[in-house]
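S.K.: Position chain B against the provided structure of chain A, taking the given hints into account.
Protein chains in written order, with the numbering used here: chain A, 1 to 366; chain B, 1 to 366.
By construction, these hints were calculated from the structure, which means they are not laboratory data.
Do not take every clue at face value.
Chain copies aren't distinguished; within one or between two, either way the pair holds.
With a straight-line cut-off of 30 Å between C-alpha atoms, the simulated DSSO-like cross-links for lysine-lysine are [claimed, not checked]: (1) Lys-144 - Lys-181; (2) Lys-27 - Lys-199; (3) Lys-286 - Lys-144; (4) Lys-27 - Lys-4; (5) Lys-144 - Lys-336; (6) Lys-284 - Lys-144; (7) Lys-354 - Lys-284; (8) Lys-284 - Lys-199.
Read off the chains here:
There are 2 protein chains.
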Amino acid sequence: MADKILSISRRTRRTPYSPRVEAAGVKGYTVYNHMLLPTIFESNEADYWSLCEDVQVWDVSCERQIEVSGPDSERLIQLMTPRDISRAVIGQGLYAPLCDETGAIINDPVLIKFAADNWWISIADSDVRLWARGLARGFGLDVKVHEAAIWPLAVQGPKAQQLVTRVFGDEVPGIRFFRSKMLEFRGKAMMVMRSGYSKQGGFEIYLNDPELAEPLWDELFAIGADLNVRAGGPNLIERIESGLLSYGNDMNFNHNPFECGLDAFVDLDAEIESMSLPALRAIKGKQVHQLVGIVFDQTVEFDEFGVESNGQQVGDVRSQVWSPRYRKFLTMVMMKRDFLNHNTSVTIDGITGKIVDLPFDFDAIT
Amino acid sequence: MADKILSISRRTRRTPYSPRVEAAGVKGYTVYNHMLLPTIFESNEADYWSLCEDVQVWDVSCERQIEVSGPDSERLIQLMTPRDISRAVIGQGLYAPLCDETGAIINDPVLIKFAADNWWISIADSDVRLWARGLARGFGLDVKVHEAAIWPLAVQGPKAQQLVTRVFGDEVPGIRFFRSKMLEFRGKAMMVMRSGYSKQGGFEIYLNDPELAEPLWDELFAIGADLNVRAGGPNLIERIESGLLSYGNDMNFNHNPFECGLDAFVDLDAEIESMSLPALRAIKGKQVHQLVGIVFDQTVEFDEFGVESNGQQVGDVRSQVWSPRYRKFLTMVMMKRDFLNHNTSVTIDGITGKIVDLPFDFDAIT
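Just chain A, same shape as in the assembly (with noise of 0.2 Å):
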């Protein structure tokens, strides 16, 4: 299928780094949460090589975050997700479902304890905004629910940690995984974290005066020149071989943390009030489907992304890509448990794929 144009207007927003991307050469975008999101610069591998070896600066001003502010703030933020905030430090991000009261996920965001009585939600694809406002005036909490004027850009790839100290000094080595810093560029004060979107290290810096955003992107390519920084954005290739999943894409409203494997963030005997909790401890272990990884030796075309076995549609395919680095066909495949229960593969028009666990092991797979 040939490639399509984006229709770009006020709606799909630009972001402050905007007219740095366009001058980077920005190809191809997508749009998240309302909001352009850079996809492509040279291309899906060249920009995969790139992110793998040397480093990327990404804007993903697309990653809003939702203040929620006040004394109720903390009750509100559990009330959204099964995962126990409590023990959450000032400065800290907890990955979490938010899931409704059927345990459905709402979104899979980072929230970020920023202050007592002030958290951020840096929300995937869907406006958590609207679901924290209308459960907050419902249940008529004290908070202040709105859309923070942050605008994050991260540095991903091995050599993140190099190019955003010489930016930022020498804290920021010390900052673990999930931790922040405030650190200052140019006088101004500003949450630096270790995240992102990648697996090749890096951190995200949460920007919080546009007026910045050129300056910050001017510095970080010219102080990282040697290390071949480059433009980048959240990466097909490596974020499927990582086994990041993307919610919309490897997941919606349809599904329930457990059949995406996200049991992990599911606190199942806290004592907290957590609006999905009754109904996740109810659904355990029942769930029909599962997330799972199918790897083809090579690339399979799927009908309207239905994988069959025996005229049954036994999966859907959510995310797909192909690996340059193993020469394998990802797939990452919503699929019926029953299947799963009975088969360790599937074929499609003759190709057989062998059925694994995410993320993806490559030592058992290669």
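M.R.: Using the frame of chain A, we list chain B on its own:
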């Protein structure tokens, strides 16, 4: 700026019509409610003339239908909008802003009373499902809220009535604006409403069986060949000429209905339980901004959408297009009312534009 590719994935959902849309040669999409919305087939201008002179079929599946059912459904709908819905009849559509407790616009859907205790919210681009569910949960309302399995197909243009009548029969011409009938296609009854996002006239078919998507599309094209039926989509030129607002473009969650000229859809004196009415009563007449048109004789380049006067930003360009019919550059701009009180024009790079009310009155302009 060169065209950008849209990176398409499962998150940017396909529709049951997508195979036909692709076969028809779609060149561009936008993403709307996490779903592909075709925007360009031949070109913006060629598509415009086809829409205004003949008839087009639009895949507007992205107008998702948020179905609210149960004993408290009307109460929840009324809570969400400041428009009095109490006199709606079954099968009727009502354009109505949804507003939060501050009066800010959450969405501007068409509310459809589908049956007693069963409303459809035909939404613009924000996750109203989450807002409605959050409110329902918090207020403890006895409703079900979900995204219905409905894929609207619009037939728009001066020959739309002829075409829809050929497919759905002689009851079609008797349908009044924003009224509907349940009519059959291949033995399946579905709602057909006189509505749609153009001022060229037409209908929306609320398809309720995805298996019938391609047969319906094919029938419209086969039976409408002599009418010059074409594939199309909401057209930027036509909708701006017609003064149709677009949520996320012309206004967003920072604006209230008065700022957008939606005063007629706020029933200030109604004795209804609407969460936004108290705030809207308080701010009526005090809004800081007003959405107006500014008309130029030639195309103007704005710097990041700002309208400046004497070095001060006085407006924010929300939509803009060259009108090939009127040979004017039409802009929809959120202006400071203070400026409007003292000015009837603005000058950008030496080109003076006339400030006018919306919708545009071309008899007065040309």
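S.K.: Hints numbered earlier in the text: which of these fail when held up against the supplied structure?
M.R.: none
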